[in-house]
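Q: Read off the chains here:
Number of protein chains: 2
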Amino acid sequence: MNKQQLFEQIQLKKSFLCVGLDPVLDKLPKHLLKYDDPILEFNKQLIDATHDLCVAYKPNTAFYETRGVKGWDTLVKTWKHIPKDVFTIADAKRGDIGNTSAMYAEAFFKEESSDMSFDSVTVAPYMGKDSVSPFLAYKDKWVILLALTSNEGSNDFQSKQSDDQKLYEQVITTSQQWADSNQMMYVVGATKPEEFQNVRRLAPDNFLLVPGIGAQGGSLSAVCEHGLNNQCGLLINAGRSVIYASNGKDFAERAREEALALQQEMEQILKAANLI
Amino acid sequence: MNKQQLFEQIQLKKSFLCVGLDPVLDKLPKHLLKYDDPILEFNKQLIDATHDLCVAYKPNTAFYETRGVKGWDTLVKTWKHIPKDVFTIADAKRGDIGNTSAMYAEAFFKEESSDMSFDSVTVAPYMGKDSVSPFLAYKDKWVILLALTSNEGSNDFQSKQSDDQKLYEQVITTSQQWADSNQMMYVVGATKPEEFQNVRRLAPDNFLLVPGIGAQGGSLSAVCEHGLNNQCGLLINAGRSVIYASNGKDFAERAREEALALQQEMEQILKAANLI
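Chains P and H, in that order, give the protein sequences. The first sequence begins at 1 in our numbering and counts up one residue at a time. The second sequence begins at 1001 in our numbering and counts up one residue at a time.
If you're looking for bench data, these hints aren't it; they were derived computationally from the structure. One should not assume that every hint holds.
[Unchecked claim] Below 20 Å or equal to it, Euclidean Cα-Cα: the simulated EDC-like pairs (lysine to aspartate or glutamate) are: (1) P:70 to H:1073; (2) H:1110 to P:26; (3) H:1166 to P:115; (4) H:1070 to P:115; (5) H:1166 to H:1140.
[What the hints assert, rightly or not] Coverage of chain H stretches by chain P, computed from C-beta distances (three or more under 8 Å per stretch; other residues unrestricted): (6) 1062-1068; (7) 1151-1163.
[As the list claims (entries may be wrong)] Looking from chain H toward chain P, a few residues come up when the C-beta cut is under 8 Å (computed): (8) 1076; (9) 1094; (10) 1100; (11) 1103; (12) 1124; (13) 1128; (14) 1138.
Note that the structure is a prediction, hence the values are computed from the model and not measured. Built from N, CA and C at the ideal position, the CB exists for glycine as well.
Please model the entire structure based on the sequences and the hints provided.
A: Shown next as structure tokens:
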């Protein structure tokens, strides 16, 4: 999916919500345990209940890998179940030397190889340009580069100052030379809304994937105040607050209610910004 | 495997060689293509031919993920085939917010969950302490933290100077507070031998995993000059130069010859340093 198509989906659905599909077996509604693959059933019902309210799904690969081969099978089948008009993010935080990153790109983008073709992959910047470039060789596929993450550990290195820039600012500035806003997004955590003005100064046109709303404590309106651009430019992820809205038989219905509340808040924000 | 046991293996085998198991289907000897899982057969024969000459195997997960579910199955079966006296490294370069890194730790360390239990995982430092800590909760399991990698892109961020330290030096210094040398190793590329003196100043007791010998151009003797410590402290990875020594029916035999040449060079180095 390209940038224009993504913006069209945002306008159509009046939403810039991304739902994080990070299921843990212990937290699933008990009635799903009778299925061969309870996590797949959980994901399918969540997708069926929310796909008209969100523009992206983001399974984090850790939650699948933890179950070994069968978890990876669940990831493939979850990807297949997502409607093609919804942007897909493999939240994998990969990155390696060039020839190895090329293998990761194939894993997440090339369906003939791996049975999956996500629209985008999250990538860690530590290893620099040649660890990122192989992902950019795929047309209309995206790198979502970690810039300023939502966790406490983001203070350990990302905010270190050098040459008048913090590390995360250097990551944004440097990577702007690797790809334009048609293939590059950045992860910027909602837990640091005061940094969005700064991020927008460095990356005015790029989409930002924003985790940290909900369970991690970030605020939607605070992020939007400086984060919106003229094509919206934000994908706001909600994970646990949506998928675990209930652990009863009504889990999908309750997830829909949570997604709907977020979509409605986003619709007001898009209207106020004259984007719809 | 703990640090003392690893050092004992090094003394016993007179080797600190790690073999990188990064197989690409297109590069396999043609006669293996008749097997159900040619990559597994390739790995098994390589392991059978070299396990007395090396102290570690390091499959890079990218080369397995690229083949989707069946690739992940190959990874599990490869791990199972490695003798228990050989240290195993999942070269996965993972790292995420705390609760997600806990899932990755389970994926690579907890056999009940994922059918695999590697001795160690490579971890990317960008997201800081809480992205690394969950891996340290497993007794006798190791984090191998990316410090100074062997690729060209390592110059993009890892060498940025701030507070009188380069980023990779900050990574080492800061992470020394997260775990001691019984659970923490560092990746330091052989392509930058001039940095080893500096690394040893910051991390005198830690093992270093050193990629970049062979196909990437690094020199074993240059690395050892400043890299050795009183428990050897080095795991030198050789990948393509060993596993692709031949693409004929003699591939395992030729891989053994390459591994043997490295082991013999290492034996001389260990003797000269009075470590055996």
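Q: For every hint, state whether the structure bears it out.
A: Results of checking the hints against the structure:
1. P:70 to H:1073: holds, 9 Å
2. H:1110 to P:26: holds, 16 Å
3. H:1166 to P:115: violated, 41 Å
4. H:1070 to P:115: The given pair, whose Cα atoms are some 10 Å apart, holds under the 20 Å limit.
5. H:1166 to H:1140: Not OK: residue 1166 of chain H and residue 1140 of chain H at ~30 Å, beyond 20 Å, violated.
6. 1062-1068: holds (count 6)
7. 1151-1163: Per the Cβ count (12), the hint holds.
8. 1076: Where the cut-off is 8 Å and the nearest Cβ of chain P is about 6 Å from residue 1076 of chain H, the hint holds.
9. 1094: Cβ of residue 1094 of chain H sits 7 Å from chain P, so the hint holds.
10. 1100: At 5 Å from the nearest chain P Cβ, residue 1100 of chain H passes the 8 Å test, so the hint holds.
11. 1103: holds, 4 Å
12. 1124: Given a least distance of 5 Å, the restraint on residue 1124 of chain H holds.
13. 1128: holds, 2 Å
14. 1138: The hint is violated - residue 1138 of chain H has no Cβ within 8 Å of chain P, the shortest such distance being about 13 Å.
Hint compliance for this structure: hints 3, 5 and 14 are broken, all remaining hints hold.
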